[in-house]
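Visitor: If you want the building blocks of each chain, they are given just below.
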Amino acid sequence: ETGVTQSPTHLIKTRGQQVTLRCSSQSGHNTVSWYQQALGQGPQFIFQYYREEENGRGNFPPRFSGLQFPNYSSELNVNALELDDSALYLCASRAGGYNEQFFGPGTRLTVL
Amino acid sequence: QKEVEQDPGPLSVPEGAIVSLNCTYSNSAFQYFMWYRQYSRKGPELLMYTYSSGNKEDGRFTAQVDKSSKYISLFIRDSQPSDSATYLCAMSQKTSYDKVIFGPGTSLSVIP
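So the protein lines, in turn, are chains A and B.
Mapping of the first sequence onto the numbering used here: residues 694 to 805, in sequence order.
Mapping of the second sequence onto the numbering used here: residues 86 to 197, in sequence order.
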C-alpha cells in the first residue's frame, strides 16, 4: 500500500505567477485536504475535497483553488503568487468512515 | 488568543529521559485530539489519535486529554535520539469536514 505522494518536491516561482501542486492520495482514501505550513509554524487548513467537490475551506483567499479527480488525486492551484505564499504545502488523505488523516511529504514553494 | 497554544521550545533532554509535551486550547467544541511528529523537511506523521478524555498508550508514547481543563499532553518514555523532531498537537471538531487546527509545534532534541 503506497502512502500519500506529492509533486514536485521543490518549486521556485516569482511574484505574480501561478502554480499547480499535485497530490496522490493513499490507496482507498477518498477525502483530500490541503494545508499550508510556514516556517516554524503548524500547518494551516486551506480546504478539503470529497467526491470531487470542495466541502470545507479555511481562511484563504479565492486565488487558492483546487480540484479532485475521479481517482481521488488532487491539485492545489495558487494564482497571483505573493511572497508570503512561500511555505511547505501539505496534502493529507483519509478513508471514508475514519477520522485519521495521513500526510504526504509536502511541496516546498519559494516565491521570489 | 490563538485556538491552540503550544510551547515552541526548543526542548533538549538526555537520552532515556521522560519527555512531557503540552498544549492548551480555547475551543470547547474540539472533540478529536492528535499528536503528529515531523522530521525536518518532511510531512507530519500521525503518532496518537484520541477522542475522549483520559489516557491512551502506544509503546513508549502516552497521550493524555483533559477536556475540562482544555489541556492535552504527550509523554515519551525512554526517549531516544531518533525521537528528535518537532511535535505538533492538533485537534478538530465533529463537523462535515476535517478542519484540523494545529499548534505551532515543539522542537525536541534528545542528546545521546
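Some clues are possibly wrong.
[Unchecked claim] Restricting the straight-line Cα-Cα distance to at most 30 Å, the calculated cross-link-like pairs of lysine-lysine (DSSO-like) are: (1) B/K184 to B/K152; (2) B/K152 to A/K706; (3) B/K141 to B/K184; (4) B/K87 to B/K152; (5) B/K155 to B/K141; (6) A/K706 to B/K141.
[Stated by the list, open to error] Partial chain B-side listing against chain A, Cβ under 8 Å, derived: (7) A114; (8) Y117; (9) L132; (10) K184.
Everything labelled a hint here was simulated from the structure, so no lab data went into it.
All figures in this text were calculated on a predicted structure; none of them were measured in a lab.
Using N, Cα and C, we set each Cβ at its ideal position, and we do this for glycine too.
Visitor: If a hint holds in the structure, say so; if it does not, say that too.
Guide: Verification of the hints:
no., hint, in the structure
1, B/K184 to B/K152, "19 Å, holds"
2, B/K152 to A/K706, "44 Å, violated"
3, B/K141 to B/K184, "23 Å, holds"
4, B/K87 to B/K152, "17 Å, holds"
5, B/K155 to B/K141, "17 Å, holds"
6, A/K706 to B/K141, "44 Å, violated"
7, A114, "15 Å, violated"
8, Y117, "6 Å, holds"
9, L132, "11 Å, violated"
10, K184, "5 Å, holds"
In this structure, the earlier hints numbered 2, 6, 7 and 9 are contradicted, and the remaining ones agree with it.
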